[in-house]
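Build the complex: two chains, separate frames, hints provided.
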Amino acid sequence: MTRLSNVPAAALPPPRSAVLDARAEFSAAVGGRFSTDDLDRLSYARDCWPLGLLWIRQGKIPPPPDAVVWPGTDDEVAAVIKVARAKKIALIPYGSGSGVCGGTWALQGGVTLDLKRFDAISEVDVEHRSVVVGAGVLGETLERRLNSRGWTLGHFPSSIATSTVGGWLAARSAGQFSSKYGKIEDMVLSARVVLGTGERLETPERPFSGPDLLPLLVGSEGTLCAFTSAKLRVFPFPAGRVFHGFEFKSVETGLEAIRLLFREGLRPAVVRLYDPFDTAFVGKGKPGRAATPPSQRSSLLRNVVPALLRQVTKQTLGRPTVMNKLQSAFSRSRLILMFEGDPARAEAEDRAATSICRQLGADDLGEDPGRAWFKKRYDVSYRMSRLIESGTFADTMEIAAPWERVHEVYERVHEAASQYAFVLCHFSHAYADGCSLYFSFVGSGGDEKEMEERYHQLWRTALAAAVSAGGNVSHHHGVGVLKAGAMQDALGEGRHALRGIKDVFDPDGVMNPGKLGL
Amino acid sequence: MSNASLGSWAKRINGALVAEPADERELIEVVHVLADRGVKLHQDMALSRARLTSLSEIAKNSMTVEAGAGWRLSDLDAKLKPHALTVGPLSPAAMQLRLGEFLEGPWAGLRSIPGGRLEPICTSITAIFPDGRRLETSRAPRSAAGPDLSALVLGGHGRLALCTSAVVRCIPLPENDVRGTWSFPSPQSFVTAMQRAVAEGFWPWRMHVDPRSGRVVAEVRWTASVGAVERDRELLHRCADAAGGRPSGEAEREAPVDVEHETTWDAVRSALESKKPLQLFRVSLTSVVARGDVEGLQLDTPSTWTSLAGRLLPLDARGLFGGAS
Ligand SMILES: Cc1cc2nc3c(=O)[nH]c(=O)nc-3n(C[C@H](O)[C@H](O)[C@H](O)COP(=O)(O)OP(=O)(O)OC[C@H]3O[C@@H](n4cnc5c(N)ncnc54)[C@H](O)[C@@H]3O)c2cc1C
Numbered sequence: 001m002t003r004l005s006n007v008p009a010a011a012l013p014p015p016r017s018a019v020l021d022a023r024a025e026f027s028a029a030v031g032g033r034f035s036t037d038d039l040d041r042l043s044y045a046r047d048c049w050p051l052g053l054l055w056i057r058q059g060k061i062p063p064p065p066d067a068v069v070w071p072g073t074d075d076e077v078a079a080v081i082k083v084a085r086a087k088k089i090a091l092i093p094y095g096s097g098s099g100v101c102g103g104t105w106a107l108q109g110g111v112t113l114d115l116k117r118f119d120a121i122s123e124v125d126v127e128h129r130s131v132v133v134g135a136g137v138l139g140e141t142l143e144r145r146l147n148s149r150g151w152t153l154g155h156f157p158s159s160i161a162t163s164t165v166g167g168w169l170a171a172r173s174a175g176q177f178s179s180k181y182g183k184i185e186d187m188v189l190s191a192r193v194v195l196g197t198g199e200r201l202e203t204p205e206r207p208f209s210g211p212d213l214l215p216l217l218v219g220s221e222g223t224l225c226a227f228t229s230a231k232l233r234v235f236p237f238p239a240g241r242v243f244h245g246f247e248f249k250s251v252e253t254g255l256e257a258i259r260l261l262f263r264e265g266l267r268p269a270v271v272r273l274y275d276p277f278d279t280a281f282v283g284k285g286k287p288g289r290a291a292t293p294p295s296q297r298s299s300l301l302r303n304v305v306p307a308l309l310r311q312v313t314k315q316t317l318g319r320p321t322v323m324n325k326l327q328s329a330f331s332r333s334r335l336i337l338m339f340e341g342d343p344a345r346a347e348a349e350d351r352a353a354t355s356i357c358r359q360l361g362a363d364d365l366g367e368d369p370g371r372a373w374f375k376k377r378y379d380v381s382y383r384m385s386r387l388i389e390s391g392t393f394a395d396t397m398e399i400a401a402p403w404e405r406v407h408e409v410y411e412r413v414h415e416a417a418s419q420y421a422f423v424l425c426h427f428s429h430a431y432a433d434g435c436s437l438y439f440s441f442v443g444s445g446g447d448e449k450e451m452e453e454r455y456h457q458l459w460r461t462a463l464a465a466a467v468s469a470g471g472n473v474s475h476h477h478g479v480g481v482l483k484a485g486a487m488q489d490a491l492g493e494g495r496h497a498l499r500g501i502k503d504v505f506d507p508d509g510v511m512n513p514g515k516l517g518l
Numbered sequence: 001m002s003n004a005s006l007g008s009w010a011k012r013i014n015g016a017l018v019a020e021p022a023d024e025r026e027l028i029e030v031v032h033v034l035a036d037r038g039v040k041l042h043q044d045m046a047l048s049r050a051r052l053t054s055l056s057e058i059a060k061n062s063m064t065v066e067a068g069a070g071w072r073l074s075d076l077d078a079k080l081k082p083h084a085l086t087v088g089p090l091s092p093a094a095m096q097l098r099l100g101e102f103l104e105g106p107w108a109g110l111r112s113i114p115g116g117r118l119e120p121i122c123t124s125i126t127a128i129f130p131d132g133r134r135l136e137t138s139r140a141p142r143s144a145a146g147p148d149l150s151a152l153v154l155g156g157h158g159r160l161a162l163c164t165s166a167v168v169r170c171i172p173l174p175e176n177d178v179r180g181t182w183s184f185p186s187p188q189s190f191v192t193a194m195q196r197a198v199a200e201g202f203w204p205w206r207m208h209v210d211p212r213s214g215r216v217v218a219e220v221r222w223t224a225s226v227g228a229v230e231r232d233r234e235l236l237h238r239c240a241d242a243a244g245g246r247p248s249g250e251a252e253r254e255a256p257v258d259v260e261h262e263t264t265w266d267a268v269r270s271a272l273e274s275k276k277p278l279q280l281f282r283v284s285l286t287s288v289v290a291r292g293d294v295e296g297l298q299l300d301t302p303s304t305w306t307s308l309a310g311r312l313l314p315l316d317a318r319g320l321f322g323g324a325s
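Quick mapping for you: the protein sequence lines, in order, are chains A and Z.
Residues in the first sequence are numbered consecutively from 1, following my numbering.
Residues in the second sequence are numbered consecutively from 1, following my numbering.
So here's chain Z without its partners, still in its complex pose (with noise of 0.2 Å):
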């Protein structure tokens, strides 16, 4: 198949064939050419959306920005930053990331929020269905008109929709950047500390935990306001001295390998028994991301989806996008 034939926005990058669409409209074209010509995304032809770099003014109060799906997180808060915002405490895999591919693969654009819940990075989604159809989701907070469409987005690896663009909620710009150090007698201790702080609003960038002395010792690292770091400083104190924790003096900081899991608490117990250490990011009490060697859903690789969203695939009937990977 010649790239020509197909449209301006087709390309043939180390002799594979690759869809650069420069905006919406170009990948609704690219839709319909797939489907007039049977070819399947994903698998006969990659697909980039590293030109959809559309960028909306701010909403400072609100403090979102409508993205492109191309902007790349880290490139994204660059230009946040002059407005004193930024896209919040990601993991350091996940700022590498394009957009559109943070809420489409396994990060499923989920970020923690205080009190210990996760919740998409975006408020609303535009994506393209196979049958060329687009979706926008709405721009309210929070919603109970009828399912939640975003969800056929967000983790979906765009194989029943292709996100073009979102609006991103933002966090302010934190006014400080503060460590502190605790130890805990057992990965119990430290497990049983951290649900119960983070389950009362304990919001930490990063933690790196060290079990190989014998003891727990956990180095947290917040990134917030002068305010709400001292009171996650003086909530978990009280958390990590009813776990039998204390403050300690300096940790290891010695990086883990890169790869990044989703894992459980119990998973975290489990290499912290097994004397391995971890870094934590976008910690809440259902899950966590980790770099370490431990048991979970691996970040940089999409994997086979569960046979219940398998369900879904019948949305796309002809499997243009490409069917699950």
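If we strip away everything but chain A, and leave its shape as in the complex, we get (with noise of 0.2 Å):
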């Protein structure tokens, strides 16, 4: 068993006996790649959920698995699960572990099924615009992939380089360029599945008739089924981009400025329009003025912020209240457009979209902001962890709402999240009936178990905030174990039905227990 220096003995609890009696029959279903040795657990034990990070800042271990393997091959994977079904143990598909709700903790122990092996890439079907992916593979690997043969997906979650095809079927997840490629799920053409009962399957394309199965197993956390491989819609390398940035009198104008665009059809790459604080942060950005790009947030985040956060708790013993008033002292809200694709089109549509903003009588900033954010779009998310590393709480709320609630939802969940912790939003995926929000909270208490307590306050606040201003749960980071209670209130009666479907799928309750409060 591998020692671990730095992790406290006794720290993880000793794997099941169930698990290690079912030991030889694992093994011998993935040829012999089971492990129950304590790095493999600990390394396992975990996703990027700040909860965890606040846990192992307090040297707290989420829960790991008993075992994990890795299987390569469908029949592998209906052979772990038939053993699961047969021992009534737990199966925690996994991914890359970038999921940031906790759907990989292993609430109940059991076994991670790690996917990555499942890593083929075939090549592009140029006629039909696809290519088969197995689900183990990360973003960048294929993106680079397609690339190099003039396509792309079209799909950049900030995750990219460290997320699967997989996982991101499995929590619907939203790449920056949604408002122009979809999320993931406009992307998958079919996928290859071994449900819960270890049936293998591929999803048909359409035309077919009957339901389709597609959208019951996309989303699903691994609670229904482990994704094998995808065939996936690519499109061609943008031959022309064109970036544009606007600055607004107010949020709401900049809102009404991207309704708009969508109306009239236009289908920008990148639609972000960022609140007047976190605008304040990107510098005031007169045409022609060194402006901080959004990008370069980062660095503001991640000293200027905890350093007056530190300083302010001690003022105000945490009380985020006197830094979120601060905000009302700023107004003018940042937009930043890309368009892609035909380069003539990528044109046309950023000048009809230009005429949009002017007449709503936006300051035009021209491309530099855009072309800054572009640069260093991956930055900011990987960031959170130096954060609270620096002692403090840090986490992204991402919702969607119609067109009429996206101000409410915005303005309901910034005074709720407000008495926890300093809030920042902007707004991105937008379409023709709504947009997706993005908050940002950093937060702050006396101590490590004051600070857990505001973060989970925080969370039902907003939560039950956002809900009730006519938002909803997740627009693409999932569920998890975080948002479990909030969904299934949500779904109201609905939520028997994805109990029935639970049954249909995994009747034994192998696959994920506890994910999607299943």
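Some hints could be false.
Stated by the list, open to error - Computed, partial: chain Z to chain A, Cβ under 7 Å:
id, residue
1, LEU6
2, GLY7
3, LEU55
4, ILE58
5, ALA59
6, GLY132
7, ALA145
8, ARG233
9, SER287
Said to hold, decoys possible - In silico DSS-like cross-links for lysine-lysine, where the CA-CA straight-line distance does not exceed 30 Å:
id, chain 1, residue 1, chain 2, residue 2
10, A, LYS502, A, LYS82
11, A, LYS502, Z, LYS40
12, A, LYS231, A, LYS249
13, A, LYS82, A, LYS249
14, A, LYS249, Z, LYS60
15, Z, LYS40, Z, LYS11
Hints were generated in silico from the structure; no laboratory data involved.
We put the beta carbon where it would ideally sit given N, CA and C, even for glycine.
So, in structure tokens, the structure goes:
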């Protein structure tokens, strides 16, 4: 057994006897790729849920699996499921652990099913504009391969380097360019899965008769099936890109511009409207003046916010309301647009968008803010753990609402969360009928216990505010453990149908128990 | 069985037993009575949702309206016109359906949007399950909160859940109705140009494609804003040019048979290679709706489910909604 010098002795409970008793069967199912080694168990006792980072800072470890297996074929996955069903042992499908809601936490122990050996990428089917990809392929690997052949998937989650195709499908991911290319559910043509019954199946491509199973499996977060591969739509690598930044007198006017753009049928790949305080962070942005690009918020967030927070925390006994009140001093809101594809089309759409923004009185900031964002578009997300290391708590919440409700959802969530944390927001992933709101929270507290309590209170109040104002529970991070209660509440009587589907596809309840409230 | 003993919603039409509930509450009552009496919907008793015609106020910003499942789409469209909205460019057969039929039938409630994707015409669906429970999906434009339960309704032929109403996504009433004609050297070059243009945002309402002259002559009809049509024309021009196509004169516009199929671009190419003219609607990268002699899923009659979809039937354990057709 591996010794872990920095993990306190007995921090990991020993593997459950049921799993140890089934060692030979699990091992045989995956050609010996089975481990109960503590290092492996510890490595998989996590995802990127900030609560886990808070725990680790306190020396607590999220619940580990009893064992890890690495299947490489659908038959191996089915064989693992067969053993798990016979012995009533939980299975936790695992992509890359970049999920932010505790989806891979082994709440009841069990066996983690790492799917990264499903790593094949087919050649692009040029005629049908599709590619078949193993569920374990990392986004970055896939995109690079496609780019080298002149294609793109158009899916760019900020976690692209650390998330898998299977994880995207399981958690209904959205990328930064989703306003043009859609979410992962818009890109998947069919998927190969092994159900919790152990059956292997491939969903049909349109046209077909009867209900579509795919939307029921996509978003199931490992509770119904393991994805092993998917056929995804690809697009030609864009021949042109046009960036454009605007600044509006208020967030409402900025939102109105986005709404009108989509109403006109324009489809920018990138739409990001920063709320006033977020905009203030990125500089005043008058044309010609050196503005701090949005991507450099990372250093502000990393250095300035924690320092300020520590200072303010001392003075206000951790009441971030004071800092949030400062926000009323700011009102201007910055929008970044990017159009890509056929160069003339991108230019034409940009001209139409510019005309809409100007009619709403926006200042034209030219292409610099957009280009700067593009260059550093993956930076911000990876600062989260450093923020937490610096003694605060931090998290993000992404929800969506119809246009009529967007501003109210913004205000209500902002107000609710402001009691517990310093709050920023931007609006992205736009549609003709609404858009997504992406909140960032940074909070503090007297001690670790208080901080964790505040963290939970923040989520409870913010989600309740979002739903009661007409928003939903998640736009693209999924549910996991974090939002399971809120999701079940939002489903109302529909939760019985979800339970019914669970009973059909996973009758023994071995697939990722405890997630989605199942 | 006497209809009077069932409830005021039960009728005999041409001798057949039909449930015609006036609202959602009555539909729930229907479902409970079916369960109590062991009567099977779609088999022992038909369902008419013609009276489910509630209509909410129009949400102007999100361009949505909540409509009862009994609304005929052409009538709903007429209601929307004074508000400068439309249910969108759907195929002629789809426009004659009731909303519930469009969502539950082989159309699966899908329409195309710019960028080549298909999406359900509604953001939110309300439906009743065989146990009398209610489904109401989120009104937010998109979600990652678990599986999308509207899949139990869309294309489900009313066998898993019965739609009572839906929040319909509308589009602005077009300012412009414009046609343009291009001709292509071969069916393959037509399909190549279309796929390229659709991926870049080309979004026509209808195309009439005629291969009989030796070249493939495609008349495109747009109904959209002035700017959108102009951008689309220019784009199509470049895509046609790259595939060897060129602008052309008027096309023959003889309408092929009325039956609509959902079909693939491969099947479109095959039909054109066999010199069969087609009308195309709901153009997307995934599939198109075609009128004419073409292989595909016939949309006017529900056909047998795929065996995979059949796995969902245990959700209606007692088969109250009639099992897979
Ligand atoms: C810095 C950062 C930035 C992020 N940015 C984005 C973003 O822009 N957009 C976005 O959508 N998300 C984002 N996320 C969240 C995360 O990357 C996504 O949820 C992603 O889809 C998870 O993929 P994964 O492979 O890491 O899955 P994991 O974290 O391993 O698993 C997530 C869930 O899916 C299940 N699962 C994983 N693989 C499979 C499979 N093959 N079959 C069945 N179930 C499976 C797991 O059981 C778990 O419930 C971000 C996360 C981080 C840390």
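Quick rundown of the hints versus the structure:
1. Interface hint status for LEU6/Z: violated, as the beta-carbon distance to the closest one in chain A is roughly 24 Å, over 7 Å.
2. Hint on GLY7/Z is violated. Least Cβ distance to chain A is approximately 22 Å, over the 7 Å limit.
3. With its C-beta approaching chain A no nearer than about 17 Å, LEU55/Z sits outside the 7 Å limit, and its interface hint is violated.
4. Restraint check, ILE58/Z versus chain A: the minimum CB separation of about 11 Å is more than 7 Å; hint violated.
5. Of the supplied interface hints, the one on ALA59/Z holds, with its beta-carbon coming within about 5 Å of a beta-carbon of chain A, less than 7 Å.
6. Given the 7 Å rule on beta carbons, the hint for GLY132/Z is violated: about 9 Å separates it from the nearest Cβ of chain A.
7. Hint status for ALA145/Z relative to chain A: holds, with the closest Cβ pair at about 4 Å, below 7 Å.
8. Among the interface hints, the one on ARG233/Z is violated; its C-beta lies about 11 Å from the nearest C-beta in chain A, farther than the 7 Å criterion.
9. Evaluation of the SER287/Z hint against chain A yields a held restraint, the C-beta minimum of about 5 Å falling below 7 Å.
10. Restraint check: the Cα-Cα separation between LYS502/A and LYS82/A comes to about 17 Å, which is no more than 30 Å; the hinted pair holds.
11. With a CA separation close to 25 Å, the supplied pair LYS502/A and LYS40/Z stays within the 30 Å bound.
12. Annotation: proposed proximity of LYS231/A to LYS249/A is violated, straight-line Cα distance about 44 Å (limit 30 Å).
13. The suggested pairing of LYS82/A with LYS249/A is violated, with an alpha-carbon distance near 60 Å, which exceeds 30 Å.
14. This hinted pair checks out: LYS249/A and LYS60/Z have alpha carbons roughly 23 Å apart, not beyond 30 Å.
15. Distance restraint check for LYS40/Z and LYS11/Z: the Cα-Cα separation of roughly 15 Å lies within the 30 Å cut-off, and the hinted pair is therefore satisfied.
In summary, the structure is inconsistent with hints 1, 2, 3, 4, 6, 8, 12, 13 from the numbered list given earlier, while agreeing with the others.
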